[in-house]
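Chemist: Going down the list, the protein sequences come from chains A and B. Going by our numbering, the first residue of the first sequence is number 89, and it counts up by one from there. Going by our numbering, the first residue of the second sequence is number 89, and it counts up by one from there.
In short, the hints are calculated from the structure, not lab data. Just so you know, these numbers come straight off a predicted model, no measurement behind them. The reader is advised that the hints may include incorrect statements.
Stated by the list, open to error - Below, computed lysine-lysine pairings styled on DSSO-like, alpha-carbon distance capped at 30 Å:
| hint | chain 1 | residue 1 | chain 2 | residue 2 |
| --- | --- | --- | --- | --- |
| 1 | A | 169 | A | 125 |
| 2 | B | 289 | B | 108 |
| 3 | A | 186 | A | 227 |
| 4 | A | 125 | A | 289 |
| 5 | A | 192 | B | 227 |
| 6 | A | 227 | B | 296 |
| 7 | A | 186 | B | 108 |
| 8 | A | 227 | B | 189 |
| 9 | A | 180 | B | 186 |
| 10 | B | 169 | A | 169 |
Claimed, not checked - Here are the simulated distance ranges between beta carbons:
| hint | chain 1 | residue 1 | chain 2 | residue 2 | range |
| --- | --- | --- | --- | --- | --- |
| 11 | A | 147 | B | 282 | 32 to 38 Å |
| 12 | A | 205 | B | 246 | 39 to 45 Å |
| 13 | A | 206 | B | 280 | 35 to 41 Å |
| 14 | B | 138 | A | 203 | 43 to 49 Å |
| 15 | B | 209 | A | 187 | 24 to 30 Å |
| 16 | A | 188 | B | 122 | 46 to 52 Å |
| 17 | B | 207 | A | 188 | 24 to 30 Å |
| 18 | B | 125 | A | 280 | 51 to 57 Å |
| 19 | B | 282 | A | 279 | 36 to 42 Å |
| 20 | A | 257 | B | 138 | 44 to 50 Å |
| 21 | B | 208 | A | 187 | 19 to 25 Å |
| 22 | A | 283 | B | 183 | 23 to 29 Å |
| 23 | B | 122 | A | 205 | 31 to 37 Å |
| 24 | B | 125 | A | 283 | 43 to 49 Å |
As the list claims (entries may be wrong) - Some residues of chain B that are not near chain A, with every Cβ distance over 12 Å (derived):
| hint | residue |
| --- | --- |
| 25 | 115 |
| 26 | 142 |
| 27 | 153 |
| 28 | 186 |
| 29 | 208 |
| 30 | 257 |
No residue lacks a Cβ here, since even glycine has one placed at the ideal position from N, Cα and C.
Listed below are the residues making up each chain.
There are 2 protein chains.
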Amino acid sequence: MAKVLVIGASGQIGKQATGKLLELGHHVIAPVRSPEKLSDIDNSNLSVIEQDLEKDFSSHFEGVDVVVFTAGSGGNTGADKTIMIDLWAAQKAVDYTKRAKVPKFIMVSSIGAGDPDSIQGEMRPYLVAKHVADEYLIKSGVNHIILRPGTLLNEPGTHLVRTDMPDNQDEAVIPREDVATAIVESVGRTSEDNLITYLFKGDEPISKVFD
Amino acid sequence: MAKVLVIGASGQIGKQATGKLLELGHHVIAPVRSPEKLSDIDNSNLSVIEQDLEKDFSSHFEGVDVVVFTAGSGGNTGADKTIMIDLWAAQKAVDYTKRAKVPKFIMVSSIGAGDPDSIQGEMRPYLVAKHVADEYLIKSGVNHIILRPGTLLNEPGTHLVRTDMPDNQDEAVIPREDVATAIVESVGRTSEDNLITYLFKGDEPISKVFD
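Looking at chain A on its own, in the form it has when it is part of the complex:
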């Protein structure tokens, strides 16, 4: 079983990922601003620590097997938080991971983060921040899995995905629960190869993507 540091464990995806990791017997370290958001999870393998990500959070990385970064605004908070969390806290998480020699970093990124200029509209600053953070991770030398889900849905997961871009924009969607499952599969993945993948609703078992 792995010791997994989930940054953003009280978020919509992070909390589902935390629950699934605990179910499998993993130990989860959850530095969160509001510990009460995880008070309904009763599991001795969960360590909840109060932590503001705008302050130094380097102390949580020692002895960790996998870092999951799923904190951030999803483009919905102010752009100042996008800079401080999606970009800056992400880059620091990569630095801390490298320093503590944690062997794997899983980044929850976004469709569009690969090429923010291809996107018009309000999401662009968010996608630029995600892009820059992803590039920082890629260039860090840290072994990484970058997940780029489509538009997130609040519906039960199907455990079935596709990783190629749908022709129809309306199909570029995925339930948050399936992103959480993809995180869990990424934690369990044994290959050391770096991986960057889109994630959309589809018909392939998620486990196959992370074989």
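Given chain A's structure and the hints, the job is docking chain B onto it.
Modeler: Same frame as chain A, but now just chain B:
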């Protein structure tokens, strides 16, 4: 005489730098969103081009000798513009500079951009964006001069600066005109060595800093 691409030529520092460069006989290319802001400068060595920096601006770099980046919010516009201009347009300017083999890039950065975490308060997201852009330039391999002025003042320049951090925060200031002069001196600098320097009001001639 050099062909200087001034990105942000209609800004408070950029316009003064443009004027001083033209006075010395340099050719200035000024891609700006609002050309009318430069309509009071009558000089055949000035090429004003209408350009939104959130769109592709790669076409202005060919045959250029020096790129000056002094566009941006100074922390006063919304954080979404901080991401799109101070960070993203800056990184693209570095990419375009590299691709066009322009031999020098002068970045107008800010005090605090070296270590944004040392600063508290509202300026922090802006300083993170400047930091990340500066680091991108440093790692690009492009020959660079990074200017990190203190708090900017709207008063006549003295042509005298200091480059060490004052003990007293109130002395960490500099007239915008002196930053413009520092840009001009940077353009004329013959050393190929990269340089990162603070700039505050002081008693050393600006020209000495860029010997």
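Chemist: All the hints need checking, so say for each whether the structure fits it.
Modeler: Right, here's what the structure says about each hint:
Distance check on the hinted pair: residue 169/A and residue 125/A sit about 20 Å apart at the alpha-carbon level, within 30 Å; holds. Distance restraint check for residue 289/B and residue 108/B: the Cα-Cα separation of roughly 19 Å lies within the 30 Å cut-off, and the hinted pair is therefore satisfied. Of the pairs offered as hints, the one joining residue 186/A and residue 227/A holds, with about 12 Å between alpha carbons and a cut-off of 30 Å not exceeded. Proposed proximity of residue 125/A and residue 289/A is supported: the alpha carbons are some 28 Å apart, at most 30 Å.
The hinted pair formed by residue 192/A and residue 227/B meets the criterion: a straight-line CA distance of about 24 Å does not exceed 30 Å. For the hint linking residue 227/A to residue 296/B, the alpha-carbon distance of about 37 Å lies beyond 30 Å, and the restraint is violated. About 46 Å separates the Cα atoms of residue 186/A and residue 108/B, which puts this hinted pair outside 30 Å; it is violated. The straight-line distance between the Cα atoms of residue 227/A and residue 189/B is roughly 23 Å, inside the 30 Å bound, and the hint therefore holds.
Distance hint between residue 180/A and residue 186/B is fulfilled; the C-alpha atoms sit about 27 Å from each other, no more than 30 Å. Only pairs whose Cα atoms come within 30 Å are accepted, and residue 169/B paired with residue 169/A is accepted, the gap being roughly 13 Å. Between residue 147/A and residue 282/B the CB atoms are about 34 Å apart, so this pair conforms to the stated range of 32 to 38 Å. Roughly 42 Å separates the CB atoms of residue 205/A and residue 246/B, a value that falls within the hinted 39 to 45 Å.
In this structure, residue 206/A and residue 280/B meet the distance hint of 35 to 41 Å, their C-beta atoms being roughly 36 Å apart. The hinted window of 43 to 49 Å between residue 138/B and residue 203/A is violated, with their beta carbons roughly 25 Å apart. Against the hinted window of 24 to 30 Å, the Cβ-Cβ separation of residue 209/B and residue 187/A comes to about 27 Å, which satisfies the hint. Distance hint for residue 188/A and residue 122/B: a CB-CB separation of about 49 Å, consistent with the stated range 46 to 52 Å.
Hint check: residue 207/B to residue 188/A, Cβ distance near 26 Å, so the stated range 24 to 30 Å holds. Range check, residue 125/B to residue 280/A: about 54 Å between beta-carbon atoms, so the 51 to 57 Å window is met. The hinted range of 36 to 42 Å is satisfied by residue 282/B and residue 279/A, whose Cβ atoms lie roughly 39 Å apart. The hint said 44 to 50 Å for the Cβ distance between residue 257/A and residue 138/B, and at roughly 32 Å that hint is violated.
Evaluation of the 19 to 25 Å hint for residue 208/B and residue 187/A yields a pass: the beta carbon distance comes to about 24 Å. A beta carbon spacing of about 25 Å between residue 283/A and residue 183/B agrees with the range 23 to 29 Å that was offered as a hint. Separated by about 22 Å at the C-beta atoms, residue 122/B and residue 205/A break the suggested range of 31 to 37 Å. Between residue 125/B and residue 283/A the Cβ separation comes to about 48 Å, which falls inside the hinted range of 43 to 49 Å.
No Cβ of chain A comes within 12 Å of the Cβ of residue 115/B; the nearest lies about 29 Å off, and the non-interface call holds. Its closest Cβ contact with chain A, about 8 Å, brings residue 142/B to no more than 12 Å, contrary to its assignment away from the interface. Every CB of chain A lies more than 12 Å from the CB of residue 153/B, the least distance being 27 Å, so the non-interface label holds. Against chain A, the non-interface label of residue 186/B holds: every CB pair exceeds 12 Å, the least being about 15 Å.
A beta-carbon of chain A comes within 12 Å of the beta-carbon of residue 208/B; the shortest separation is about 10 Å. Interface exclusion of residue 257/B from chain A stands, the closest Cβ pair being 22 Å apart, more than 12 Å.
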